[in-house]
Amino acid sequence: MKRGKSIRDSPDLPRETLLDWYRQMCQIRAFELEILALQKAGLLPGTAHLYIGMEAIAVGACAAMKSDDLLTSTHRGHGHAIARGLDLGRMMAEVLGRSDGCCRGKGGSMHIADIRLGMLGADGIVGGGIPVAVGAGLGTRLKGGHSVVFCFFGEGACNQGSFHESLNMAAIYRLPVVFICENNLWALSAAFLETSAVGSVADRAGSYKIPGEQVDGNDVEAVFTAAYKAASRAQKGLGPSLLECVSYRWEGHSIFTRVEIRPQQEIAKWKRKDPIERFRGHLLRRGIATSNLLQQIDLEVEASLDRAAQFAKNSPPPDRGTAFEDVYS
Amino acid sequence: MRTLSYLEALNEALKEEMHRDGLVFVMGEDVGKMGGLFKVTQGLLEAFGPQRVIDTPISEAAIAGAGVGSALVGARPIIEFQFLDFITIAMDQIVNHAAKLRYMTGGMVSLPLVVRAPVCGGIGLGAQHSQSLEAWFIHVPGIKVVMPSTPADAKGLLKSAIRDNNPILFLEHRLLYAQSGPVPEGTEYLVPLGVADIKRSGTDITVVATGRTVPLALTAAASLAVQGIEVEVIDPRTLKPLDAATIVRSVRKTNRLVIVNDGWRTCGFAAELMAVIMEESFFDLAAPIQRVCTADVPMPVATPLEKAVMVSEEDIATACRIAVAA
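If you read the sequences in order, they're chains A and B.
The working numbering applies: residue 1 is where the first sequence begins, and numbers increase by one.
The working numbering applies: residue 1 is where the second sequence begins, and numbers increase by one.
For the record, the hints were derived by calculation from the structure and aren't laboratory data.
Where a beta carbon is used, it is the ideal one built from N, C-alpha and C, also for glycine.
Don't take each hint at face value.
[Unchecked claim] Not everything, but these chain B residues come out facing chain A in the computed CB check (under 7 Å):
no.: 1; residue: 70
no.: 2; residue: 73
no.: 3; residue: 180
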């Protein structure tokens, strides 16, 4: 959890930070695998959109967040929530629709939020969170705050009108927003290059005269560096940036998706670019960690997920009466 | 009591609430330098500056989303659509976000967002600038719908809406902007949401009218009184939450009901209120309920056609006579 100082205050990356990134990426992966298992056990109401394969984006970008920064997320939002430090047990309980869920079981996988951590919510509408992020930036400025809004969305959202309206509006008002496009190359069955007139989302930044940068979304340090730069710029009042993090989802669009039209070879190719294995290799090669230490972290992550799953499974279903609460303030 | 126009009353409410609370701000197309297409926000830019009176690009979805996002972080936005018809471009933010975020987060957040827009026709602007879509929003849990008919209600309800912690659709009527009426003095003059007002007492028939149709119903009631028919005119003022109790009490007294609304007849506010009365007061009725609504066609431009489609005073009087004769 990153309350208090962030490493945006001290960009030299201490060893503990890098190990923490490794731990977070493993946590996200383990969380998603646990959800798959719970779904097979028949415990998941509805569906979930898994983040496996994209862990470096959430961890790298959220590492650039300060404690008072804000984020808007997507239907594939577990990774952002975990990287922002939401409680794993309460998240898991939410996904299972239990009373101890962070949204009392009313939001589920697609609507995880924790306003105290500046996590303004995952979003079930593609592109729906982008205008909300603009508003969060505007509201923050009105209140005299210095928060930067990290706005996550997929490449599919870039073809929504809300993307254009929001980036233009953020640019003309110079709002402190970092627009982070997670380009995983596929929107359900629609290939990025068949649905976008330009081959890089980052190129679209030119339409709004804001910086646009494409980075390797499987390289956690590259994502951090780019997000750090964009957030620092936003905080100085220089306005928004557009970051395109290219990655790939290993699983189908959602747990419900039975048909996979993506080429098996392509999936296999991207699995060989596993962002966690890659970062693990870096840590070992650079002597930042020993394999013993990483193994110990793996075990700790496994234990933390066991606890989270146990917490969620033990949490009772919500009382029927709560269905009728929380419509109005 | 002093007299203000409906438009002046709205403007005064905005100014007072912006003075009272620095987190209240206004945004929308042409709301700043121009003071709003219909001048409701006139003078606000000069008084409160560009940080709190924000002219926007023509981007309804982003305007609505900016309202949602800024409300989420504790600001109190008032957004303006120049015509309610334009909200169709922003429906995702209003229906999927504003109305749902409190519920989806288990009550973690509140959304003090006011969406202002004029409704209905009457000035020849045709099918895309004349719609009364209030029923769409009454249908969606999580939104409140307010529709004042007098300058005093316009001011008091807008102030209450701005102070409320929920998303509110505040619907004005262009033909009412110029209407004048008494408005109480004082910055704490408020009209509570969810409380109907009996605009005229009567014993023979109840007429529930909304927005622009309230003055029409009052004129119709005056002419019916000459013929010995005493009409009780009720303005719900907020369509959601609806003060059904006041209407039911009146129907128990008069045993007859006419519902007047500028929305379309099919699945409109009148249809909903009709259902409520059938549930609550079926055995009190001495005659079938009559609905007087906009005809089920898009709004035409030509004046005689527009008149043919929109609710008139004569339509209301005729419906009352039918209900009384039954």
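Open item on the list: Taking the earlier hints as the rules, which of them does this structure contradict?
Closed with: Checked against the structure, the only hint that fails is number 3, while the rest are satisfied.
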